[in-house]
Amino acid sequence: MLDLHNRYGAIVRIAPNELSYVDAQAWKDIYLNPLLERNGVWFRKLSPAEPWSIMGSHEADHARFRRAYMGAFSDQAIKQHSQLLESYVDVMMQKFTDMGAEGSLALNIIDWFNFITFDISGDLCFGESFGSTATGQQHPWVEIACSFGKGIALIASLNFFSPLHKALKYILPTNIRQRAIYHRELSAKKVQQRLELGETRNDFITTLLNYNESKAQPVTIKEMELNSSIMVFAASETTSTAMAAIIFGLLQNPAALHSVTQEIRSAFQSEDEVTVSSTMTLDYLNAAINEGIRLGPPSAVSVPRVVPKEGAIICGQAVPAGTFVGINQYPTFRSPQNFSQPSQFIPERFLEGSNFDDDKDSFHPFLMGRHQCIGIRFAWAEMRLILARLLYVYDISFVSEPNVKDWGAQQTFIFWQKMPMEIRLSKRQR
1 MLDLHNRYGA
11 IVRIAPNELS
21 YVDAQAWKDI
31 YLNPLLERNG
41 VWFRKLSPAE
51 PWSIMGSHEA
61 DHARFRRAYM
71 GAFSDQAIKQ
81 HSQLLESYVD
91 VMMQKFTDMG
101 AEGSLALNII
111 DWFNFITFDI
121 SGDLCFGESF
131 GSTATGQQHP
141 WVEIACSFGK
151 GIALIASLNF
161 FSPLHKALKY
171 ILPTNIRQRA
181 IYHRELSAKK
191 VQQRLELGET
201 RNDFITTLLN
211 YNESKAQPVT
221 IKEMELNSSI
231 MVFAASETTS
241 TAMAAIIFGL
251 LQNPAALHSV
261 TQEIRSAFQS
271 EDEVTVSSTM
281 TLDYLNAAIN
291 EGIRLGPPSA
301 VSVPRVVPKE
311 GAIICGQAVP
321 AGTFVGINQY
331 PTFRSPQNFS
341 QPSQFIPERF
351 LEGSNFDDDK
361 DSFHPFLMGR
371 HQCIGIRFAW
381 AEMRLILARL
391 LYVYDISFVS
401 EPNVKDWGAQ
411 QTFIFWQKMP
421 MEIRLSKRQR
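According to the UniProt record's numbering, the stretch in the sequence shown is residues 1 to 430, in order.
Hints in this document: simulated from the structure, not taken from any laboratory.
Being a predicted model, the structure only gives us computed values, none of them experimental.
A hint or two may mislead.
As the list claims (entries may be wrong) - DSS-like mimics (lysine-lysine), calculated; alpha carbons at most 30 Å apart, straight line: (1) LYS79 to LYS95; (2) LYS79 to LYS189; (3) LYS360 to LYS405; (4) LYS150 to LYS222; (5) LYS360 to LYS79; (6) LYS360 to LYS95; (7) LYS28 to LYS405; (8) LYS405 to LYS427.
With the hints as extra help, turn the sequences into a complete structure.
This is the structure in structure tokens:
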């Protein structure tokens, strides 16, 4: 899609009734227009009796779910979650110490980012982790979830052939259908187990129960089960992918790796000083995170919106009713229209006072408007903490040349099909 935009311009018709944009103005024209709703084809209900989810196209229920979960992602909530986040990072760092008795170890960092982010999201969604960080072993559910993007893409593709999609779903590979069922069933089971605990703990279920106490339209048990199956994935896979893209970019750019490492190590006297709150003001780390996400956005393509019957004006042009429209992040963030040296990893472009000729209004990796990612603060806290602890303690390097030279050379089915990234961790020499 990047090639198409580079060849044909800021607006490209990628299907008979679908337009893709990379122009910064399209963010406001599409995502701030309350009349443009999510494309319901992508996330159909599996049955009429199934409730809507926070990812669904039903705007009223989406807004209700956002209000219900909002308390779990406020600034105050992030402070309350800090100890939990830090405890899981402690486990990971201790595991690295145990694995590298001589002060050096090699590992697939993709796996470990999955382990810790899914353990954290599992704890907050279900009241218990998957145990992957402590054991260094991938839980079967995590393995399924990490490869779920391809299944979502296939199911969404079949939905375009309504009403035949109900029959066509049976041609899906058996393993994809079984994984989807297992994902739903395990999520529902874990929500029930969390509810049966009957205790108040600082997690997402408690947030929903507190919301229900004062609302005329509470979140039902079935809605909790369905949305938890989404939240546990959304709060983990995307963050894991972002950190992987950041590390990939840093390792390919030694000057940037040196700058961020020096910033972190000069800011703290000891490892235990590296916390959620203390890492917030690390400017170069924040810039490196933004640059890694720019080159490797966790959601490379976006769910399109649908132009209403009144039509819409997008980037100064009239678009007829029923057209699917959207900004796909990968081509937008790498467009020479929006960024100078668009394929180069240069964190400095995101530092205050940067002289780069970039259009930062085109950069909204967490979306904008009413569908903006509800967990943006949480994701930033998690990424800063994990990356800062890792780079404070260890010097990092590739074990061997990576399989790809550019993050974008990997396959994507909504989410990236990430190749293993073997890196070496060596205890820093003081």
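### Query
Tell me, which hint numbers fail for this structure?
6 and 7
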